[in-house]
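Chain C is already provided as a structure; the job is to place chain Z on it using the hints.
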Amino acid sequence: MTTITTARPALSRVASAALVGRPGADTGRSDPGHSPAAPAATGADPLPLLCRRCGSRYDPAPIAICEECLGPLDPFYDRHRALPSRTTIEARPASLWRYREWLPFDGSPAHSLDTGCTPLVEAPALARAIGVARAWVKNDSVSHPTLSFKDRVVAAAINAASAFGLGTFGCASTGNLANAVAAHAARAGLPAWIFIPHDLELGKVVGTLVYGAHVVRVRGTYDDVNRLCAQVADRFGWGIANVNLRSYYGEGSKTVAFEIAEQLGWRLPAAVIAPMAGGSLVTKLRKGFAEFHLAGLVDGELPRLYGAQATGCQPIARLVESRGDRLIPEIPQTIARSIAIGNPADGLTAAAALRETGGWAAAVSDEALVRGIRILAESTGIFTETAGGATVAAALALAKSGHLRPDDEVVLCITGNGLKTVEAVTAALGEAPIIAPRLREVEPLVAALAGQQDPEPLVAASH
Amino acid sequence: MPITIALPNVLARLADGHRTVEGSGGTLGDVVADVTARYPSLRPRLVDEGGNPYPFVTYYLNDEDIRFAGGFGAAVNDGDEVIVVPAVAGG
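Same order as they appear, the protein sequences are chains C and Z.
Per my numbering, the first sequence starts with residue 1, numbered consecutively.
Per my numbering, the second sequence starts with residue 1001, numbered consecutively.
Worth flagging that the hints you see were computed from the coordinates, not collected in a lab.
Fair warning: there could be bad hints in the mix.
Stated by the list, open to error - According to the in silico footprint, chain Z covers these stretches of chain C (three or more CB under 8 Å from chain Z): (1) 66 to 80; (2) 222 to 230; (3) 327 to 336; (4) 339 to 349.
Unchecked claim - Reference excerpt, derived from the structure (chain Z facing chain C, CB under 7 Å, subset only): (5) 1008; (6) 1009; (7) 1010; (8) 1067.
Stated by the list, open to error - Here chain C is said to cover these stretches of chain Z; the calculated rule only asks that three of the stretch's residues, wherever they fall, bring their Cβ under 8 Å from a Cβ of chain C: (9) 1044 to 1054; (10) 1057 to 1064; (11) 1076 to 1086.
Heads up, the beta-carbon is just placed ideally off N, CA and C, and yes, glycines get one too.
With the rest of the complex left out, here is chain Z:
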């Protein structure tokens, strides 16, 4: 079972209109690379020039902020869910 990435609406148009896409790999970075290989327009929005997440875009792996879980190096398993959330203001 692949890993699911939920995209914000603002990026869906770059994935042929899909708000949820699937990828595979051993780490989150691998999965992101897999997805962005199929949707190249997503790449500069999902990773910076060094291949790392932008500070203003948060990735959650199974509801946990990946910055607490190893970043793009975090190991992933089949069926895992990733959510991509651009920064949101305080409340």
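Next comes chain C alone, as it looks inside the complex:
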């Protein structure tokens, strides 16, 4: 056997784990590609980690994979820790850190203290269109600061990166995570390296570059980018949000569930629908609702969880329908770039979350998801991106197939902003006329519509 590169011999399981992710730790030498000198660790202390498969326990470290079985690592929460009451939570500042006892840190976080607490908007016209009793939109399209739910996970990841003293922050991304990592890194004063598919929507590329991040466009799909980033994390020892910081990062998604429960008046909806890409969000929704239930903050039945995908990339939906236990990856072919992950890391767990809560999955065509974007806009005033359009279209499909019931109270998780993916809907909307600034040019436009019946609205007017 020929040795090509070498790693420093492991000191112990925990010690070697802690070394992974440190600049130069694997070679013991400096390298021009490595991070600048790591800053001093700051902020809250990340929690220890526990393997979801084999139960191995690790000291806090920028690792996400068990050395024993390669299973995913989750933060380990002390089940005897003091938990806050509803009143205590309500008195805290309006950010996701009001739920800090369920986030993977001890102590006070240092960064991104103002993310979270997005609106929960009741949508009666949308409820009528879907055919359910009541519907709400969890509107993360106005998340602070980058207009998607990825601000939540990155708020957790940036604090982990800072606490571990990692000198560079980064991610593999389909766009929204790129925006969030670049923005949160800029605020925290960390350099960011962002890897994205080469043909991402312009808004998402510009919305990353503007923060001064190093953006690398990779020829290939997101799955290709992901593979590269796993190697980058190993090679350079950077803090990659969804690779070696994944154990901490993912926990931020639970705050969607916490906020829904609190904003509904400390109760649970019958059903929640969310888009699925890597599959993490629905698994963390399940975990979040269960944790609040266990804490006695809410009671009643846990929500049925439903997942939305595009027909051009539906590995998790197929897994749900087949009731199988082996995910078959796909090569994505959809305009819904933010959910175009053909090899979803949390696919198995996501499928189990849907099935075990009594929910289901639906995949919708690109045409249907564009219509979903327009339905949401016309019924709620919320302009979402393609993933949100898929979520709305999936809700319509799930109601039609009987999975959503007429007496259901449903929350739709709208995870991103439509201004990032205007390419997706432009062709469906038609041209706006261009005129000179003269009244006589307006008059024929109005006259042309007089006597004409307005086109049938996508959503019925309220009564």
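Quick look at chain Z alone, frame taken from chain C:
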């Protein structure tokens, strides 16, 4: 020329600290068997009890996910490169 397998850092310690190892064989499964014969501790991390890849560990043969290329039965040639990547979250 042998086939190269790039291991994630988390497995390097089980290959005497080598992040890249080499093996030989006619199929990817043969190469993995060859490598794990020399580093027995790697075997339960690289293949399940049935000798198949785990669903949460992805193998890429010359940049292609082996699940699109015949799995462990995929034919390999001298100089091919294999990358082993544990599952990564979405983005």
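Hint by hint, here is what the structure shows:
no.	hint	verdict
1	66 to 80	holds (count 7)
2	222 to 230	holds (count 8)
3	327 to 336	holds (count 4)
4	339 to 349	holds (count 6)
5	1008	holds, 6 Å
6	1009	holds, 4 Å
7	1010	holds, 5 Å
8	1067	holds, 5 Å
9	1044 to 1054	holds (count 3)
10	1057 to 1064	holds (count 4)
11	1076 to 1086	holds (count 3)
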